[in-house]
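The numbering used here applies: residue 126 is where the sequence shown begins, and numbers increase by one.
Quick caveat, the hints were computed from the structure, so don't treat them as lab data.
Backbone N, C-alpha and C define an ideal beta-carbon position, used for all residues, glycine too.
Mixed in with the good hints, there may be bad ones.
Said to hold, decoys possible - Label-pair ranges, simulated between beta-carbon atoms: (1) R200 with L338: 40 to 50 Å; (2) I257 with S327: 41 to 51 Å; (3) I384 with L344: 13 to 23 Å; (4) G330 with F260: 38 to 48 Å; (5) W396 with L324: 28 to 38 Å; (6) P145 with L189: 19 to 29 Å; (7) L189 with P274: 41 to 51 Å.
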Amino acid sequence: MSSGSVQSTIAAFGQRIPAPLILIFALAALQVGSGTAKSIMTTDNVFGLNCIRLALGGMILALLLRPRVWEWSRRQWIDVGVLGLAFTAFNVTFYLALIHLPLGLVATVGFLGPLTVSVIGARRFLEFAWPILAFCGVCMLAPLEDDAPVTWSAIGYGLAYACAWAFYILSSARTGRSVQGLDGFVVATCISAVLIFPLATSEIGYFFSSPSLIQMSILVAVLATLPLGLEYISLKRLPPRLFGVLLSLEPAIATITGIILLSEQLTLVSWFAIGVVSAASVGATLTRNAAVTSRQGTPDP
126 MSSGSVQSTI AAFGQRIPAP LILIFALAAL QVGSGTAKSI MTTDNVFGLN CIRLALGGMI
186 LALLLRPRVW EWSRRQWIDV GVLGLAFTAF NVTFYLALIH LPLGLVATVG FLGPLTVSVI
246 GARRFLEFAW PILAFCGVCM LAPLEDDAPV TWSAIGYGLA YACAWAFYIL SSARTGRSVQ
306 GLDGFVVATC ISAVLIFPLA TSEIGYFFSS PSLIQMSILV AVLATLPLGL EYISLKRLPP
366 RLFGVLLSLE PAIATITGII LLSEQLTLVS WFAIGVVSAA SVGATLTRNA AVTSRQGTPD
426 P
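Use the sequences and the hints to build the structure in full.
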């Protein structure tokens, strides 16, 4: 089967399924992959697991889709290169945050990134109010006591992940407009693996030290690459603002995954913070849709 027919099949499949459903499935699979990664990862091999995951995912996608990179213009290569940088930052900061925070709180703090993207082009006060509410929810996690379950450094990793996530959303949207199909995402994944490799050379061997680690690493690669590809398909069908706020289920999905797979326990304050951020996301979605509908119904002067 040619790469064109594969991409046509994927595109047709994606068009038949509502974008929100694609996102929900992608988020669930991604969180299972993240939970699996956390179970085999330590502070000493963050880059190693990232490199393996990106390299395996990139090779699988490249062999399946075979992007026609020789037809790209200089502008397209720049867009894909920027996406590769964004994808690198997105993955590294996510895994660093994952080591220091429960899975649900990683998604909660990181969610400030998409919500910040959602205010691009906003005109009404209420459209700005929801991201502010989400920020207040994250502030509830601030360690006010020495024995607090969350440290300032952990919050810092989460905020770095939020910034990288926003960068990834914006660069994905730009690349999706300039490069056909999933080609841009495939090459960006490979670029990201190459960028991380120099930092991972001393760590990769650990994940090939036993059959179980090899199997888990492959599972992480599949459960990380497939959902992000599905998110990329969704992003091509949705504006960045709407895409950002449609991720409102991620904190809840991540929290449930952390409890089931990792036996993570959260404080009452953490649960409340997750609820506030999720509510802010839902509110932002409804407000943005209402604002867009209102502007579309207003005749041009």
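(request) Hint says 28 to 38 Å; check whether the CB-CB distance for W396 and L324 agrees. (result) holds, 35 Å
(message) Does the beta carbon distance between G330 and F260 stay inside 38 to 48 Å, or does it fall outside?
(response) holds, 41 Å
(request) Given the hint of 41 to 51 Å, check if I257 and S327 actually sit that far apart at their C-beta atoms. (result) Since the Cβ atoms of I257 and S327 sit about 43 Å apart, the hinted range of 41 to 51 Å holds.
(request) Please test the hint of 40 to 50 Å on the beta carbon pair from R200 and L338. (result) holds, 41 Å
(message) The hint says 13 to 23 Å between I384 and L344; measuring C-beta to C-beta, is that right?
(response) holds, 20 Å
(request) Evaluate the given range 19 to 29 Å for the C-beta pair formed by P145 and L189. (result) With a Cβ separation near 25 Å, P145 and L189 satisfy 19 to 29 Å, so the hint holds.
(request) Check the following: the C-beta atoms of L189 and P274 are separated by a distance inside 41 to 51 Å. (result) holds, 42 Å
Checked against the numbered hints given earlier, the structure satisfies every one of them.
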